[in-house]
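Peer 1: Dock chain B against chain A, hints included.
As you go down the protein sequences, you meet chains A and B in turn. Using this note's numbering, read the first sequence as starting at 75 and increasing by one per residue. Using this note's numbering, read the second sequence as starting at 56 and increasing by one per residue.
Mixed in with the good hints, there may be bad ones.
[What the hints assert, rightly or not] On the chain B side, residues computed to face chain A include the following (Cβ under 8 Å):
no.	residue
1	189
2	230
3	238
None of these hints come from the bench; they were simulated from the model. Please read these numbers as outputs of a predicted model, since none were measured by experiment. Virtual Cβ for every residue (Gly too), placed ideally from N, Cα, C.
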Amino acid sequence: MPVHIVETRQLRYRYAKTQAGWILDGLNVYVQPGETVLLCGASGSGKSTLLRTFNGLIPHFYGGRLEGTVRVAGCLTASRSVPQLFDKVAMVFQNPDSQLFNATVEHEIAFGLESLGLPRNEIRRRIRQTCQTVKIAHLLGQSPQQLSGGEKQLVAIAAVLALKPRLIVLDEPYANLDPAGVRRIRRTLAAVHRQSISVLISEHRLACSVPDAARMLVLHAGRVVLEGSPQQVLTRHLEAFGLESPPAVKFSRRLGIRPPALDIAALAEAAGAGLHRLAPALPAGVPAAAIGKPLLSAAGLCFEYQRRPAVKHVSFVLNRGECLAVVGANGAGKTTLLKLLNGLLAPSRGRIRFQGQDLGRMKASQRARHIGTAFQNPDSQFFKSTVREEIEVAPRVLGCYDPTWLQHLVDRFQLEAFVDHPPYRLSGGEKKRVAFAAALAARPEILLVDEPTAGQDARFRRALGKMLGELCATGRAIIMVTHDLSFAEQYAHRWLVMARGEAIAAGPAHRVMENAEVMARAGLEATDVFQLRRLVQEHAGA
Amino acid sequence: MLDPRTHLVLAIVAGIFTAVVPRITATAAIWLLLLVGVAACGRIRAYLRWLRLAGSMALFFGAVTWWAADFGAAALAAVKLATLATVFFLFFAVTAPEDLANALVKSGLPYSAAFVFRTALQFVPILARKAGDVLDAQRARGLPMEPGWSALRHYPAFFLPLLVQMFQLAEELAEAMEARGFGRPGRTFLKNYRLTWRDWLAIGIGLLALILWIGITVNNRRLPGL
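Same shape as in the complex, but just chain A:
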């Protein structure tokens, strides 16, 4: 019987000073040498907590009450400190900003090696070796904080890979990455796997993590509810546990293919001539029936950051009742465009008109009456002691307080259960809901949302999609900046594709994805559903 790198027995854990019960409730989990394990589960299922028991952060750093045992390479973590375990189980955290704390990438990789007390020559050798594996030698002299999201993740992986650990644990490594970033991380993890290092990934985005996993664990309310190879686990209905099966798996199920295919190519191969039977089941896109007159127009918008163009001659029209998705790779200028629209930045050239009125001189705080914004990180805005007060901020300042509307928002976003709680204490999804309600509290005609699905589970995505549809039905217009193309395909009427600051295409999702050149220029990949639809059409044509 092989020695497990990590093994938990009847593991139970609850955080200190909280009323909540057991976050982990009787877990028996193991990781074998050289295997890649995918850990999934809805928000609050206990994934991040479990990861922190592997390297001893729980209980040594967090305190709380731990029952049962966690063994790393045969040693009990309860009797070892975190610095005694960190070279065996290395962890890549979700937030790159706080885990990269050195002035250069070289020092970042060296930090753990210095902690191990290695001689200088060995440190240099390992840095060289790691840079070859992760392919970041060109970044060595740069400050980690200046890098893109994908590059930061690579540096974080390099910093732990250099330690030559037995297991690398990654907490939602793909949460904030565009398709190119995800591809780079997946390639790097494949290289790590070739070095016989075990990898455990906790991730919501199943479509990009399932194909690399040898084994899957599904957590629900602190317990393992499903375990096995992806093919075994994905035959079950994950929706009951707040997850969403990848499209290839869903359609495999529909065609009765067992075990299910994990990606579209495998599905096409397994389905063979029967692929055309999927045609009626494929989603048809978002109907444009409710779209009304133009509400907002942008003409020739330009903006430069430190003399470098960030947005170049962007023009578009947003209609009443429409949801427009602004898509593109990280750094394409999407968020800058959002800030130009809500007045946080002033365009160097170009005009923005709202219902025919030029918004040129209107301050951001005045535009909030017409254009509400929900940013990616809701923590940047909370300062009141209850959710109710937080939602009331904008209408009170802007002089449009309407208790009936506010109660309507509380009901629509299902905030009633925690409306008197402090907003900081809520979960990530609950905070997002409060931020959406706050952005709509002054009854703006337009809602801007920045990366609304980043780091959120399937349950939240479904609820958000429904809510966006309802808002459009009331005649409001939505601009959604996102790198989540499958969400944008499901819920946006139109896409505006940005690449290097330019709007290079606009139109319904399927029209945009049909243009391979545009997708390549924007660094995007067609969604699984689109690829499948195309294959089905090809089969039908043949």
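Peer 2: Structure of chain B alone, referenced to chain A:
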């Protein structure tokens, strides 16, 4: 290249000179000398950006001095402040905080103290970005946080989210450091920090110049009284 500790000693010497020289011409000469250093490092553009902030502070300080004293004192105060800001800029342009911290550890400073120093410096840009995000989030929902008196009325909307995020960041940082072996005994360093003859020469020249100048000044002041 000189050791980071040598940079520190020279920066302190330049700072003392700037603070104690009584004439504006002498202060301007020090400033000019420092500017040559900035140009030699190829950091003129970054310096000009820095000067926009430091210069406006110097002008404000000068204006207050003018109001309290006279124009001569105000000009001297403004030039001194701008020169001190240049010393500060040049020091950090040529010294990475972690190199300085590691070198000081080699000289006996406790590692945890050095780490606090270097991390505080490194996280300034992150906190500045977070402060910008908070301002953006509040303005975007109607709070008049544009510079001016009205923004002062809404200061909790700026400080509270920033404070909470600072605590979150500190906690996440502590966790990430712990997970990379912070505090494990027997730490080594990637770089070798050693004071060479060049360092001793530079430190010697700097300290000698300072001692000579102090000696001459004290002597000149004594003479009339003799």
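Peer 1: Taking the hints in turn, state whether each one holds.
Peer 2: Quick rundown of the hints versus the structure:
Restraint check, residue 189 of chain B versus chain A: the minimum CB separation of about 5 Å is within 8 Å; hint holds. The criterion of a C-beta within 8 Å of any C-beta in chain A is met by residue 230 of chain B, whose closest approach is roughly 6 Å, and the hint holds. Below 8 Å, beta-carbon pairs count as interface contacts, and residue 238 of chain B has one with chain A at about 6 Å; its hint therefore holds.
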